[in-house]
Structure formats: structure tokens, C-alpha cells
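Working from the sequences, and respecting the hints, build out all of it.
Now for the letters of each chain:
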Amino acid sequence: MGAQAKVYKRRIKSVSATKKITKAMEMIAASRVVKAQRRVAASTPYATELTRAVGAVAKGSTTQHALTTESENPTRAAVLLITSDRGLAGGYSSNVIKAAEELTERLTREGKEVDAYIVGRKGVAYYSFRERKVTESWGGFTDNPTYADAKKIAGPLIEAVLKDTADGGVDELHIVFTEFVSMLTQTPVQDRLLPLSLEEKAEEQEKKGEILPLFDFEPSSEDVLDALLPRYVEARIYNALLQAAASKHAATRRAMKSATDNADELIKSLTRLANAARQADITQEISEIVGGASALADASAGSD
Amino acid sequence: MAAELQVEMVAADRSVWSGAATLVIARTTSGDIGVMPGHQPLLGVLESGPVTIRSVDGGTVVAAVHGGFISFSDDKLSLLAEVAELSDEIDVKRAERALERAKSEADAAAERRADVRLRAVAGAH
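Protein chains in written order, with the working numbering: chain Y, 49 to 352; chain B, 4 to 128.
Hints listed in this document are in silico derivations from the structure and should not be mistaken for laboratory results. Among the hints, a few may not be true.
Reference listing, derived: stretches of chain Y covered by chain B, where coverage requires no fewer than 3 residues with Cβ under 8 Å from a Cβ of chain B [said to hold, decoys possible]: (1) 86-94; (2) 173-181; (3) 266-278.
Glycine is no exception: its CB is placed at the ideal position from the N, C-alpha and C atoms.
The structure is reproduced here in C-alpha cells:
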């Protein structure tokens, strides 16, 4: 075999090996998306009931709470950015980081200082590469977040919101994550979690056509609100984590699918080239033999 | 009037139990409360403790609930908890071990959790 044909054969082999890997990763990601989607669905009843309860308190009382009062002159905001620990997911992490950058810029324009809270090593790497300050970061669970993880994240955030701005607290809490719309579409979203507008919540509930009765609060509406709001924030963060995980797996699946397709293309064109090289080798060999034979015939004819 | 209420017990990551019941007893921060059909709308904060549900077929369901809320309106009752387990899901041996360990390590929160689980199991028998 000619040298060129051998080189092509070797490259085909290596691309085929890569293709096998990407194909396997694609299938793993596909099964994880389904699992992650199921977890999003399993967490929905809790979130719905909690939102309903918040709506009920909003309607039934005029209670004010630190987590629901707008600061008159907000000067600091916390941004919680949810990225993933691992790459190989196409533009997943960079898209959500871009959304966070936009939000940060907008908040800075409004004259607010921005504290960054980051979930996932990709986001942390982005910030530390640019030597930007990260107030707090978490990682290691982005593929499979649990409620305990959401609690861990919510704790310091709620504390920061409750603290006075002068003592390093924040006035607003924003969250940036990737919403899982469908298997093919995942969009980065920016959302303000706190302060929570109770009136809005009550209106939302009414729009859904659900008329909430006047509740009896046990022990009192203040205490209920006190207990309810942190849970609400936790549930929202938990939901965001789950959606982000599902989105990440979907993005990985898509990226790996296109990698597999590319490998297919590459194998096809390399096979063509290898065939051409082999044909060229054969043609050359034939012409060498023919050339040699005719030279021999010429030589023997001359000696006669 | 059909004297029954629809109960939904949901934990943060799953739906634990749902069905029709005639009576639900839960412990709120201001004491035990029993809810029967036709109760006035209620929203309360739950303490960690066992919740007893008397279902329409006469059976009793006991669950260990760790913090959360009870909300009732229009004969629909929802129990929201970060963690909730039915008594027959609880591994008694494991809970006992956890209780021992929590006592020796003086971990009050873990001790209470294990205690609630064991009480829920005891209530089921």
C-alpha cells in the first residue's frame, strides 16, 4: 500500500473511534434529559402549591416583610448565575453567561453595584479568568441538583437581602439560568426573585381564574409569611437548577449529535480520498510494470 | 354533602400522597390541628412531626413531615413539606441508628428528625 493511502486509513480509524465516543455521549445525554425533565415535573406540584400559598397571603393580608419591600433607592443587587460544571455542551454556558453580562451591565447603568453569585465551574472559570470578584460560588451538583443544594444556595442569598445595604447587604436578587423550553430550545432567562411583589402574585393568581378565599392564618399572617418566603425562594432556585440541568443535558445531546454527524461526513470524504489514493497507487504500479516490460522487450529486440 | 376532603401531600421533589380523607391531623407551631371537611380556609406553618390522615376507606396514613405548611380551602387540603415520608417508607432500623448517632453527637436537628420518623412509625401500628 502506498504511503498516502496508509495515512488516510489511519485518519479514518481515529475519526471512527471519536465518533463512537460522541455517539455514546449523545445517548447518555439523551437519557439524562428525560430523567431531568421528569425531576422538573416532579418538583412542579410543590412549586405550584407554594406559589398559591404566597398568593393567598398576598391577598389575605397587608403584611409587610423585608423580602417584599422595595428599597426606595436600590444601590446593590445580587446576581445568581447558574452555569454547568462541565463543557461539551455547545454554547450552553457561554449563552447564559452572556445573559448575565447583559443584566450586570443594565444594573450597573442603573447605578447599582452588582454582587456575583455563581453556580457551576464554567461560570467561576469565566469570572476568575477576567479577575472579577465572585461573592460566593458553588459547584459539583449541576448535573443532578437536589433540594438540599438549592437550600445551600438560598441561605446566604436570603441573608444578604435581609442585611442592611450599608453592612454589605443587597437590595435586589436576580437569577439568570437557562430555561428548558423543549428538547430543541433552551433560552437563557433573567428574572428578579426579590423583593417579591405580593400584589403581582395576587394578580397572577386571579388571572388564572382562581379566586382565593380569605384564609385563617395559623399562628399569624406575619409568621406564615416569615416561613413562606424563604421556602418560596428556595423552591424557585431549585426549579431553576433543575431546568438548567435539563437544558445542559439537552445542549450536550445536540452538541454530541452534530459532532457525530461531522465525524460521519469526515469519514465519508476521507474514504473517498483513500480510494483515490489507492487507485493512483494501482495505476502507478501498472504503468511501472508495463513500462518495465516494454523496456525489457525493447532491449531484447535490440540485441537480436 | 359528601364529607370528605381531597388531600395532596407534596415534598419538594415529589408528590408523596394524594387521595380523599375524612380527617387530617397535623401539628402547627401553635399546636395540633384537626381539619375535617367544611373547615374554614386555613394556612398554617407546620412543625416537624407526624401527620395523620384518616382516609375515606377507613385506613390511616401516617407521615413524618419535616417543616412546611398546611393549606386548606374548598375541601382541598395541601400539605407542603421540604421532606415528607410515609410511615411505611421509613426504615425503622436506620432511623433508630440515626437517633443513637445524633444523641451521641448531640446533633439536635438530626435527633429531632430521627425522632419524628420513629414517632410516625409508632403511630401507624
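Here is what the structure says about each hint:
1. Check on the region 86-94 of chain Y: 5 of its residues sit with their Cβ under 8 Å from a Cβ of chain B, so the three-residue criterion for coverage holds.
2. Coverage of the region 173-181 of chain Y by chain B is violated. Counting CB-CB distances below 8 Å, 0 residues qualify, and the rule asks for three or more.
3. For the region 266-278 of chain Y, the proposed coverage by chain B is satisfied: 6 residues have a C-beta within less than 8 Å of a C-beta in that chain, meeting the threshold of three.
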